[in-house]
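Whole structure, please, built from the sequences with the hints as guidance.
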Amino acid sequence: MSEHLGKQFDRELEPVRSRILQMGGLAETQLLAAIDAFSAGNVEAMQRVIGAGKAIDEAFNAILRQLITDMTENRRATSEALDIIRIARAIERVGDHTANIAKNVIYIVSGVDVRHAGAARKETQQA
Numbered sequence: 183m184s185e186h187l188g189k190q191f192d193r194e195l196e197p198v199r200s201r202i203l204q205m206g207g208l209a210e211t212q213l214l215a216a217i218d219a220f221s222a223g224n225v226e227a228m229q230r231v232i233g234a235g236k237a238i239d240e241a242f243n244a245i246l247r248q249l250i251t252d253m254t255e256n257r258r259a260t261s262e263a264l265d266i267i268r269i270a271r272a273i274e275r276v277g278d279h280t281a282n283i284a285k286n287v288i289y290i291v292s293g294v295d296v297r298h299a300g301a302a303r304k305e306t307q308q309a
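Position 1, counted from 1, in the sequence shown is what the numbering used here calls 183; the numbers after and before it change by one each time, with no gaps.
Check each hint, because a few of them may be wrong.
Label-pair restraints from in silico Cβ distances [what the hints assert, rightly or not]:
1. Leu-264 / Asp-239: 13 to 21 Å
2. Ile-290 / Glu-255: 45 to 53 Å
3. Glu-255 / Leu-214: 19 to 27 Å
4. Asp-265 / Ile-290: 35 to 43 Å
5. Glu-196 / Gly-293: 42 to 50 Å
Restricting the straight-line Cα-Cα distance to at most 16 Å, the calculated cross-link-like pairs of lysine to aspartate or glutamate (EDC-like) are [claimed, not checked]:
6. Lys-236 / Glu-210
7. Lys-236 / Asp-278
8. Lys-236 / Asp-295
It is worth saying that the hints were derived from the structure and are not from the lab. Predicted, not measured: the structure shown is a model, and the values here were computed from it. Yeah, the Cβ is synthetic: ideal placement off N, Cα and C, and Gly gets one too.
Here you go:
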């Protein structure tokens, strides 16, 4: 019976696996674009790299929502789902690190510090 449940959960996870592969592709594309933009000193390309992180974040959030739903419906799948969440989180962090690279390069090339621009904007809006 547990083997049957495992196979059923594997089938249920196929869309999540596909999303993780897609998310990994986005992170890879973002990282390669950051490296190319760094090589060229291209600030505009770096700004596009920073913006590309939203798609990765959205994919991560969709995966997380799906796995939480799956875990509530099938408690036996919790361990595997948590492992998959860790994988998705690591890929999401690649996107965050890539955006940080881009922000640092923008600062080096242009002298404009965009590294904490989002936090400063939030503080200004809250005040």
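Verification of the hints:
1. One distance hint, 13 to 21 Å for the beta-carbon pair Leu-264 and Asp-239, holds here, with the actual separation near 20 Å.
2. With their beta carbons about 49 Å apart, Ile-290 and Glu-255 fall inside the hinted range of 45 to 53 Å.
3. A hinted range of 19 to 27 Å for the beta carbons of Glu-255 and Leu-214 is inconsistent with their spacing of about 38 Å.
4. Take Asp-265 and Ile-290: their Cβ atoms lie about 38 Å apart, and the range 35 to 43 Å holds.
5. Between Glu-196 and Gly-293 the C-beta distance comes to about 48 Å, which sits within the given range of 42 to 50 Å.
6. Between the alpha carbons of Lys-236 and Glu-210 the distance comes to roughly 14 Å, so the proposed pair stays at or under 16 Å and holds.
7. A C-alpha spacing of about 10 Å is found between Lys-236 and Asp-278, which places the hinted pair at or below 16 Å, so the restraint holds.
8. Using a Cα cut-off of 16 Å, the hinted pair Lys-236 and Asp-295 is violated, with the two alpha carbons roughly 20 Å apart.
The structure fails to meet hints 3, 8 from the earlier list, while all remaining hints are met.
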